[in-house]
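Asks: Sequence:
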Amino acid sequence: MNKQKVLRVIEENQIFLLKPSDFDGRHMTSAEMQAIFKYFNAFWQYPDKPRAEQPHALLKSELHSDGFIACKEVLDYPALCAIFANEMLKVIKMNINPASLARIGVVTSPAYSAISLGTGVAQLLSEQYNPGIKYVIAEKDQNGNPTVIRGGLNPELKTLVINELMTTRDGSTFETKNAVLTCNGDNPAPTVIEPAFILVHRSTDHSLADGSAVKFVFHLNIENYQPDACPYCSAGSKALKPKEGKNWEMYFKN
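For the sequence shown, counting from 1, position 51 maps to 54 in the working numbering; every step adds exactly one.
Within a straight-line C-alpha distance of at most 27 Å, the following computed DSS-like cross-link-like pairs (lysine-lysine) qualify:
#1 249 x 143
#2 137 x 96
#3 137 x 75
#4 41 x 52
Pair by pair, the computed Cβ-Cβ distance ranges are:
#5 41 x 143: 27 to 37 Å
#6 188 x 82: 38 to 48 Å
#7 8 x 161: 37 to 47 Å
#8 236 x 7: 34 to 44 Å
Treat the hints as calculated values from the structure; they're not laboratory data. Predicted model, so just to flag it, every value in this text is computed and none were measured. Note that the Cβ used here is the ideal one computed from N, Cα and C, for glycine as well.
Taking the hints into account, I'd like the entire structure generated from these sequences.
Replies: Pasting the structure below:
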């Protein structure tokens with residue numbers, strides 16, 4: 004199915020008729036991805052120049068931003084998650100050769116938004132390369148960071164790290180990778196496959212905090228600012244946490 008037909012299906016409220024095979028022979032475009040996310044009110048970007056009436060986003064990292072994307076709102080639907088897992092697999096295949104793909108023993112992703120995506124990618128790798136592949140969650144610690152992998156991992160198994168979103172180089176993707184490397188304590192650490200793979204990259208960083216590479220399916224030009232250098236604050240715009248209370252609705256009112 005070509006891009007125009009996909010966009011028409013979305014516009015006609017038939018979004019759940021879309022299938023992974025509709026994107027065979029090509030990659031989903033950024034415009035198609037944004038249309039799907041906007042359908043579920045899961046993507047917002049500042050509509051124009053900074054102004055007092057229009058709030059902007061306050062991120063978990065305490066950075067301020069002119070946009071926000073809530074992947075979980077889309078990936079919670081298995082039919083859509085299957086499509087995006089398939090799109091991610093296309094990028095994985097472009098960066099890892101078939102012999103190395105067959106040696107992947109574990110796929111891990113951070114709780115909570117990336118769990119369904121991680122499971123979907125692991126399922127595809129299991130069907131196509133290694134039926135014995137495991138999926139493991141990097142669970143959140145008491146501070147809400149994905150640093151816990153229970154029971155450790157077999158150091159002989161090569162581990163692939165994926166995430167649904169990357170905002171900063173030291174965020175949940177890096178924390179998940181570090182969780183893999185430290186989950187065995189003083190025993191030999193598992194091998195982490197590089198690069199890590201991201202569904203939506205909304206960062207200016209193209210590597211993790213340790214310098215290792217990341218590859219992504221989609222990139223969005225969303226800017227982040229330090230609070231004391233935020234042009235939206237300077238214009239009188241209020242910084243709101245997108246997931247708190249009715250803040251998400253406030254972004255679309257002005």
